[in-house]
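Novice: One-letter residues, chain by chain:
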Amino acid sequence: MARPTEVEIGEQKAPVIQPGHTFASITDKVASIVLRRPVTNGWLLGVAICFLILQWFLFAVCWLFYKGVGVWGVNIPAGWGFAIVNFVWWIGIGHAGTLISAILLLLRQQWRNSINRFAEAMTLFAVACAGMFPIFHLGRPWLFYWLFPYPNTMSYWPNFRSPLVWDVFAVSTYGTISLVFWFVGLIPDLASLRDTTDNKALKFIFGGLAMGWRNSVRHWNRYETAYLLLAGLATPLVLSVHTVVSFDFAIGIVPGWHTTIFPPYFVAGAIYSGFAMVLVLAIPIRKFYDIEDLITDRHIENSAMVMLATGWIVAYGYAIEAFVNWYGGDPYEAFLRWNRLHGPYAVSYYALLFFNLVLPQVLWFKKVRNNNLALFLISLDVLVGMWLERFVIVVVSLSRDFMPSAFGQYYPTQFDWAVFIGTLGFFSACMFLFLRLLPAVSISELKTLLPEAEVTVEREAEVHH
Amino acid sequence: MKDPRTYGLMAEFDTVNEAIAAAHKVYGAGYRKIDAYAPFPVEELSEAIGFHHNGVALVCLVGGLLGGTAAYVLQWWINTAGYPINIGGRPLHSWPAFIIVTFEMTILFSGLSAVFGMLALNGLPQPYHPVFNVPQFDAASRDKFFIAIFSSDKKYDPIATRAFLESLNPTSVAEVPS
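Residue numbers (my numbering), protein chains in the order written: chain A, 572 to 1036; chain B, 97 to 274.
Just so you know, these hints were derived from the structure itself, not from any lab.
Take every hint as true, because none was put in to throw you off.
Computed footprint of chain B on chain A, listed as stretches where at least three residues anywhere in the stretch have a Cβ under 8 Å from a Cβ of chain B:
(1) 588–596
(2) 725–734
(3) 748–762
(4) 796–803
Non-contacting residues of chain A with respect to chain B, defined by C-beta distances greater than 12 Å in every case (computed):
(5) C633
(6) L709
(7) L948
By construction, the Cβ of each residue, glycine as well, lies at the ideal position given by its N, Cα and C atoms.
Please put together the full structure from these sequences, using the hints given.
Specialist: Dropping the structure here:
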């Protein structure tokens, strides 16, 4: 892993790490956020707000469990409301974290090394938020384990021909692999914290979590193999997860769902919204934690360019959807097109086109990509736009499918909103705690980017091996 | 020449290149019960102490094959024997529908095998290890590189080995108490 970095290669580009850092200064800088930085009022205020939202969330969920899904606005024909919209939205956000940690690792994009840790944490918390919604939607959530194949007294087994069962396997695998990927990455850094701190209790906690990691090169060798294998496994996994999520729709015959463009279009949309969330988190984090020399303008600009590119793949998806609605000659698909453009939810369709296609085009300008405030706002805009996209897919199609006599309207209730906004509070609270309690930037991976880490000794290995 | 009071001797180096050069000399001098420590992965350093292959990929492969096979066999058994449902006369063994769960379980089991295999081969979790008794060793996770020769090595001699390590120009040489 010790290779010359683009600090030397791409001189016209902003560096991946500001020059002047050493092994020791990186350890100190990242560790001090966890070990020495005092608790600030800003952090406390942020946690307090998130905690309040979390209480609201808990109240809404308790009420939901007590009364049933009737407290939501879902009803026939729109049986999938906010719960599924939020599920798809959250799991999509998670995908950027895996893309950064796995796919960019395989592509040797070394700039990923300073943002992968918190992007992985983002994935983990986003998948946790996503995973809650299908369970809330079950009606009898305490029986969720019926989804898994296990020998039971009812002599019953799940239907493996159903995309909803595929989803259970895809999302639970994704959650598990994201967790171990993130934790394996943390082990050497936990050992660094253990060796840096003088506090006995912290030494015990970090030492326990590091499991006795002692930086032996034999361990590193196996560790690197395992990490690379995980990256190689997570890459097809992340593509499969949103593909399976899109199968939940595409396998059905509802107009607007039954289309083969869904898997690639969903994956691109996932990465689009995920990078928006990466920027929404990275811009304030690097400012408030004073790590603009580790998460540099280069990272921000690259993320913006990924957003622009995936935004255009999403645009292609919209165009093909519209084309097939017309060219396919199916009257229900043609009605769906009319309904999206002129029906009762037309506002959300136009808003999503504006948020996802029109406004992000300002990213073509370098000035915008280098302006953190503008980029932050554009990222929020993309997050809203991608949420609306899922809303249009789920609600517009379901509320008016085939028979006009079966048409209906979906109105979200305050409990729909409470559970949705509540997961935003849960996600933010987890991020706040993560930033304080664990190294938010990978210490050992950053060290491999320094000029000091470059191996210049000739290989005399052949002589005696 | 096993010395029961000493686990080995440990030399400290400031730069990665010094450590690699020294590791080559240690291995070249015939020492085999050795280890090197670095704050980040250095492939050249593990090669220098004669560590070329690890079994993690094999564990991962076996785990993945087992996971995928188990998932497919389970779906096949459930659909043909355990809980067969006739839907529109379609075949019970409808294999295309089983691909996704088979794929996901292959990934899950190979990923977990890679991680737990790596930890098991590394002997982790390990609550105690003598190398941590060396005060300087905290810097192994910070900015220093270490090479240790263990007293279990056949060539180990408390005086000659220390003199040998001193000759490699380390920043310090320390005894590792067991």
